[in-house]
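J.: Please put together the full structure from these sequences, using the hints given.
Residue numbers (the working numbering), protein chains in the order written: chain A, 1 to 542; chain B, 1 to 338.
Hints were generated in silico from the structure; no laboratory data involved. There's no promise every hint is true.
Stated by the list, open to error - Reference listing, derived: stretches of chain B covered by chain A, where coverage requires no fewer than 3 residues with Cβ under 8 Å from a Cβ of chain A:
(1) 28-40
(2) 50-63
(3) 184-195
(4) 240-248
(5) 315-328
As the list claims (entries may be wrong) - Restraint-style ranges between C-beta atoms, simulated for each label pair:
(6) A/TYR320 / B/PRO148: 41 to 49 Å
(7) A/SER140 / B/PRO302: 53 to 61 Å
(8) A/TYR326 / B/ASN110: 36 to 44 Å
(9) B/LYS48 / A/PHE88: 53 to 61 Å
(10) B/ALA25 / A/VAL118: 28 to 36 Å
This structure is a prediction, so every number in the text was calculated from the model and none was measured. Positions of the beta carbon are idealized from the N, C-alpha and C atoms, including for glycine.
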Amino acid sequence: MPNKKFAFRPLFSLSGLLTLLACLPVLALVWTALQGNSEIWQHLIRYVIPPTLVETSVLLLGVGVLTILIGTGSAWIVTAYQFRGRAFLDWALLLPLAVPTYIIAYSYIDILHPIGPVQSLFREGLGLDMQQFWFPNIRSVWGGIFLLSFVLYPYVYLSTRAMFLMQSASLIEVARSLGLKPNQVFLRVAMPLARPAIAVGTSLVLMETINDIGATEFLGIRTLTLSIYSTWINQSDLASAAQIAIFMLMIITFLVIVERLGRRKQRYMNSAQRSRLMPAQPVTGSRALTLFVLGLIPVTIGFLIPFSHLLVESYKRIQYAGFSEYLLQASINTLTLASIATFITILVGFFIVSAARFSRTTWFSRISSLGYAIPGTVLAIGLMLSLGALDHAVADFFEFQLGISTGLLFLGTSFTLIYVYAVRFLAISIGSIESGYNRIHAVLDDAACNLGQNKRDILWRVHFPLLRPAIISAALLIFVDCMKELPATLLLRPLNMETLATQLYAEASRGTYEDGAIAALLIVLVGLIPVILLARMSKNSR
Amino acid sequence: MKPLSKVYLLLTGLVAFSGSWVHAAEVNLYTTREPVLMQPLLKEFSQKTGVKVNTVFIKDGLLERVKAEGRRSPADVMLTVDFGNLVDLVESGLTQRVDSKILNKSIPGNLRAANGHWYALSMRARAVYVSKDRVPLSAISYEDLANPKWKGKICIRSGSHPYNTGLIAAYIAHHGEKEAETWLRGVKANLARPASGGDRDVARDILGKICDIGVANTYYVGTMRTGDAEQQRWGNAINVVLPRFKNGGTHVNVSGAVVSKYAPNRKEAVQLLEFLASDHAQAIYAKSDFEYPVKPGVKIDPIIASFGKLKVDSIRLSDIARHRKTANLLVDKVQFNH
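T.: Structure below.
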């Protein structure tokens, strides 16, 4: 129902401008791709694309399926049942968010290595020699699926859990009274109803996976992203690399469109009134214990094990080399940058999505989310190219018109870093706020309008408060993501400035990650702050 | 959120400008060389000359960043590992000629650009690590790595890594593309695990009996054998052999420096390069980084010296650099990393 009186022009223009700014790096990449020739494609199609495409697909499929299983399963356990330890699991299941993929990969390579603790213990127990003993190889696409899933599932858990909590009791009760068993209720009612939430969470997971460079490189998985890198770095062919990146972007866009079309005909709008929420079913005894143990598995694999490993390694490191003086400054930089970037990303996302609410077009939201589908370094290069041109134009103006030599105002400052974080993680902000908006019935807008509120009031006094939970969970994800971000930070940061992630990289760059254990531990610890905050807030809203 | 947003604004300002203060004597260094290695050297340079060094450590994209910054780039000196990177910077027109008697005297002709656009500062050899317990081996050729007797026994990092690209390019320079392809297929067939991880993993995997021999750089042995207990276990599990080409010597790679084309502090930039080529700095490269000094006469670390005399391959690095692209295409073609 496009409604003339609802068109909110200033907001619409602002949203358009922000979308354009968010697209700058992508546009620069398209431009770069067009400069290239197709010479190398013959080679790529013959030798590079087929195997990497297969390996990337296997990885994405595996991680997708496993994160949906873990994410929705654990969300169901903590929302549908009431048992001892549920409150603990409720927030503990978020903990793996604080562990970057490159850290979990390094931890498990270490732990599961033939000379590591696990295999040594097994062998001693069985009295076997190293070569007689077979152990699954973590350095494989299967290892990658396993490790990535156990740190990325919280994206699905977070979005699905919110959906399960909102589910109205009546639907579940009807299903139960019709004779469905608990697992049937889960599979045939709760899961289909939560599909939009699962789709949002899973698409975040898949984009994190496809753009991962740290963990996949460690594990020796040949992904499309790695082939972009090797084309760029080894062939010194940025244009062709940009072509592969755009190609990958098109595949991702296609998949997102297919998923959206798939549920176009289904409507999930909740009624305007707050419905009675689904009551958790009390469980005791061995069933309660089973549920608790099940819920504890992802926490253990995704957090407790790598975290303990980091503790041990950090302890050894402090004994051996002491505490680096740079770490405190790096922590402050990390917190500052991540906070500012989170604030801006949320604000921009809010403007873009709410403009869509008033104008009923989601184009801006779709286009400005593209940054998440491009590997960090490649996006950073796109930003350098576009912002660099702007930067020189501004400096030229000052120099030639006013005779003032300003130097570069954007490149090599924190501004660029915050810009790249915002572009990269805008998709999280938009996705989360959009699904929040889906739960705000349009009737509320009409009611507020009839009560004499103007559009700005509706935006700040109706929408914003109702969106709070969605905004908070998006802010958490963005904050943690900014904090963990490595490739773009490494390329764009100013002189003399380190974040925890770059410090970790710097200390570990000479071969082993043990050297960076303290920085890694700090990343996890700092990442815990928003996780715990979020957990507390979501408990209050229950 | 109101008072908070003011704090945000203030902090943005602080963070944004902290990187761009202008001091008296300073030099801006863009480096892909690990900061852990450079810090002691840079500290000493500042103490000695009073010139402040601002650094940013970048992995990939150094070239693109300096290019985007154009004539307003604050970069004075760029330090990189791998001769390929040095050649790329020069070919992109981002460097300038340095005409320093001190540098030309300290660094042998084959380790610097003839036109003064790049200078090597340290050298490392692409060596073969050998299991101490299981493999009695004192000499090997690079060609021999493709010998089927090593089937399932070799560890190596990704074939696309610059260190391996350099080695494969050198192989092409010696034997031509066709033979290099056959050789690479042979090495691939001998791998004990997918080509991945880092150079130190080769030693660790030899200790873990995943493989018997492997290809890795020389200096890692120094850092492992002088590292913590765990590292020492890895480093002591192996012997190091300096392989040679059948018709040549051992393949080496370098770390080096260029002065950027628009360097705002050109004088200090050259000063820094001259310092890094001095006896004193070269000794630090040798002692704390376990590299071969480029300056003749500077002492090699005993651990590195114990590998035997290094006979550097006779083909010039700039000639090897020409084959890098082909080397990379070969790695894809033989599916080396799969």
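J.: Within the assertion that chain A covers the segment 240-248 of chain B, do at least three residues meet a Cβ-to-Cβ distance smaller than 8 Å?
T.: violated (count 0)
J.: How does the coverage statement for the segment 184-195 of chain B fare against chain A, requiring three or more residues with Cβ below 8 Å from a Cβ of that chain?
T.: It holds: at least three residues are needed, and the segment 184-195 of chain B offers 3 whose Cβ sits within less than 8 Å of chain A.
J.: Are there at least three residues in the segment 28-40 of chain B whose beta carbon sits under 8 Å from a beta carbon of chain A?
T.: Since three or more residues must qualify, the claim that chain A covers the segment 28-40 of chain B holds, with 5 doing so at under 8 Å.
J.: Is the distance from the Cβ of A/TYR320 to the Cβ of B/PRO148 consistent with 41 to 49 Å?
T.: holds (42 Å)
J.: That 53 to 61 Å hint for B/LYS48 and A/PHE88 (C-beta), does it hold up?
T.: Roughly 58 Å apart at Cβ, these two residues keep to the hinted range, so it holds.
J.: Does the beta carbon distance between A/TYR326 and B/ASN110 stay inside 36 to 44 Å, or does it fall outside?
T.: Holds - the Cβ-Cβ distance for A/TYR326 and B/ASN110, about 37 Å, lies within 36 to 44 Å.
J.: Given a hint of 53 to 61 Å, does the C-beta separation of A/SER140 and B/PRO302 actually sit inside it?
T.: violated (40 Å)
J.: Using the Cβ atoms, figure out if B/ALA25 sits within 28 to 36 Å of A/VAL118.
T.: Given a distance of about 54 Å, which is not inside 28 to 36 Å, the answer is violated.
J.: Counting residues of the segment 50-63 of chain B with a beta carbon closer than 8 Å to any beta carbon of chain A, are there 3 or more?
T.: holds (count 8)
J.: Check whether three or more residues of the segment 315-328 of chain B sit with their beta carbon closer than 8 Å to a beta carbon of chain A.
T.: holds (count 3)
Consistency with the previously given hints fails for numbers 4, 7, 10, ordered from lowest to highest.
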